[in-house]
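Visitor: Just so you know, full-length UniProt numbering puts 417 at position 417 of the sequence shown, and the rest follows in order with no gaps.
Please note that a few of the clues may not be correct.
Stated by the list, open to error - Cut-off 20 Å, straight-line C-alpha distance, at most; resulting in silico cross-link-like pairs (SDA-like, lysine to any residue):
id : residue 1 : residue 2
1  : K74       : K148
2  : K452      : D255
3  : K48       : S359
4  : K458      : K148
5  : K148      : F171
6  : K15       : K95
To be verified - Cβ-Cβ distance ranges computed for the label pairs, FRET-style:
id : residue 1 : residue 2 : range
7  : G187      : R434      : 57 to 65 Å
8  : L358      : G196      : 38 to 46 Å
9  : D460      : P413      : 22 to 30 Å
10 : P260      : K70       : 41 to 49 Å
11 : E61       : Y462      : 37 to 45 Å
12 : H150      : Q340      : 46 to 54 Å
13 : P89       : N463      : 37 to 45 Å
14 : A158      : E427      : 52 to 60 Å
15 : M33       : A158      : 21 to 29 Å
16 : N348      : T446      : 22 to 30 Å
17 : K435      : T258      : 27 to 35 Å
18 : F128      : T68       : 21 to 29 Å
Quick caveat, the hints were computed from the structure, so don't treat them as lab data. Note that the coordinates shown come from a computational prediction; the quantities given were computed from them, not determined experimentally. Don't be surprised by glycine CBs; every beta carbon is placed ideally from N, CA and C.
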Amino acid sequence: MNILFVSSEVEDIAKTGGLADVAKALPVSFNKMGHDVRIITPFYQVSKSVENAQTVLTDVELHAGNLTYKYNVKQITLHGITVYLVDYPAYFDRKGIYSEGYDAYDDNGERYAFFSMAALHLTQLLEFKPDIIHCNDWHTGLIPLYLKKHWYDNPYLASAKTVLSVHNGAFQGVFHLDSVPILQKSGIDHEDVHHGLVNYLKIAVKYATKIVAVSPSYAKELQTDLGSHHMGDVFRSRSHDMHGIINGCDYSQWDPETDPEIPSQYSVENMNGKAFCKANLQQHSHLPVDGDIPLIGMVCRITDQKGFGYLLPILENILHHNVQVVMIGTGDPQLVSQIQAISERHRNKFYFLHDFNLSFSHLITAGSDYFLMPSLFEPCGLNQMYSLAYGTLPIVRAVGGLKDTVVDLEADPVNANGFVFDRPDSEALLNCVRKALLFYHEYPQTFDVIRKKAMQTKFDWYNSALEYEALYKSII
1 MNILFVSSEV EDIAKTGGLA DVAKALPVSF NKMGHDVRII TPFYQVSKSV ENAQTVLTDV
61 ELHAGNLTYK YNVKQITLHG ITVYLVDYPA YFDRKGIYSE GYDAYDDNGE RYAFFSMAAL
121 HLTQLLEFKP DIIHCNDWHT GLIPLYLKKH WYDNPYLASA KTVLSVHNGA FQGVFHLDSV
181 PILQKSGIDH EDVHHGLVNY LKIAVKYATK IVAVSPSYAK ELQTDLGSHH MGDVFRSRSH
241 DMHGIINGCD YSQWDPETDP EIPSQYSVEN MNGKAFCKAN LQQHSHLPVD GDIPLIGMVC
301 RITDQKGFGY LLPILENILH HNVQVVMIGT GDPQLVSQIQ AISERHRNKF YFLHDFNLSF
361 SHLITAGSDY FLMPSLFEPC GLNQMYSLAY GTLPIVRAVG GLKDTVVDLE ADPVNANGFV
421 FDRPDSEALL NCVRKALLFY HEYPQTFDVI RKKAMQTKFD WYNSALEYEA LYKSII
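Put together the whole structure using the sequences plus the hints.
Guide: See the structure below:
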């Protein structure tokens, strides 16, 4: 098949989250399966791996009504895949991708409406006839609309089907129509405008051929009022076209046997290196170096989505136990301030680094005994997969991809690889953490057995790609 993968970010080029991981790993898997897959993404100021990029098209004119946009196209090869970068400095030559600091760019609606149209325009210029156009989140949400309303008779696009991946339905791309000139000029039905606002994700769900949530549980949650981010009716109206496919994990980067970011590699057969990593983590975190104290790690964005609303009220209760906690992340300034205050009060037990540091994130994953992800919602989640691979047992809430990948010790002792709680509240979280700490202290041999079982739990991208391939074939 000819597959066009359109994404606002791609790992190794530009990344803010899990979307970028998928936008690299899934096309790489398709390529290995023999499909002709191309990626289109913006050329940002912060783009990496573009030193040898070729400019393949210059001063291309894109028309929308009486508006004309002139852009260039660069090309690189990434892991054997051709990547086209849409170069329009007025929209993408900025310090950030979507924002600077914590404030989103005011013209994001226009930026990604243009990018979506340019992606379709580019297929014709390159004479690439896609069978599937794979869209990702709201940033590419207008592609199904453009395709159905404006490009349906184009020889390169007429037979193309669209698949929309919903990586995080909380981010929907809601903009006032007045702030999106290209959308005004290209024409949009009044039924897709509500009180002067356009919702890119809602439009994508309405017009895409198929919709895929990034885990089976998240696909179900999106069709409920509680888990749909106020789009339950829209998702339910497309229930027969919705699917849930769990993301894979890139074990080439997250494998304790080969990881260059950790001070000592280890494996299921030889776990000695994990104890060394723990001691190294304690030392770097200015905590007492003691292998008998259970250590809980967290690597996350500091946002309400990650469960801080019910973690922070009981964090000091957790720290009253014989435990150490190491956390790294950036995000909401108010939450960060609260975390820093708690850390200062418990310096001998709790270390918080307000930063994003890949090496330290790997060290936390390898050196911790438990990995805490008490998310309010989690479409898929990757950190729990990483922690499993490193024998660091996840403590998670039964939601989204966490529910699909972590098996609770109490619920299923035979297949257990972590600890799971249900209710999104402080009491449920505190009880779950206490169970994990008690288990660590009272059943060390069983803990080691489950730790090794966790390391053998794999979520391979190839299996996920097979599911996507079957979905593609069903619609073309």
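Visitor: Decide, hint by hint, whether the structure agrees.
Guide: Evaluated hints:
no.	hint	in the structure
1	K74 with K148	violated (27 Å)
2	K452 with D255	holds (14 Å)
3	K48 with S359	holds (18 Å)
4	K458 with K148	violated (39 Å)
5	K148 with F171	violated (23 Å)
6	K15 with K95	holds (13 Å)
7	G187 with R434: 57 to 65 Å	holds (58 Å)
8	L358 with G196: 38 to 46 Å	holds (42 Å)
9	D460 with P413: 22 to 30 Å	holds (25 Å)
10	P260 with K70: 41 to 49 Å	holds (43 Å)
11	E61 with Y462: 37 to 45 Å	holds (41 Å)
12	H150 with Q340: 46 to 54 Å	holds (50 Å)
13	P89 with N463: 37 to 45 Å	holds (40 Å)
14	A158 with E427: 52 to 60 Å	holds (57 Å)
15	M33 with A158: 21 to 29 Å	holds (25 Å)
16	N348 with T446: 22 to 30 Å	holds (29 Å)
17	K435 with T258: 27 to 35 Å	holds (33 Å)
18	F128 with T68: 21 to 29 Å	holds (23 Å)
Of the numbered hints given earlier, the model fails hints 1, 4, 5; all others are met.
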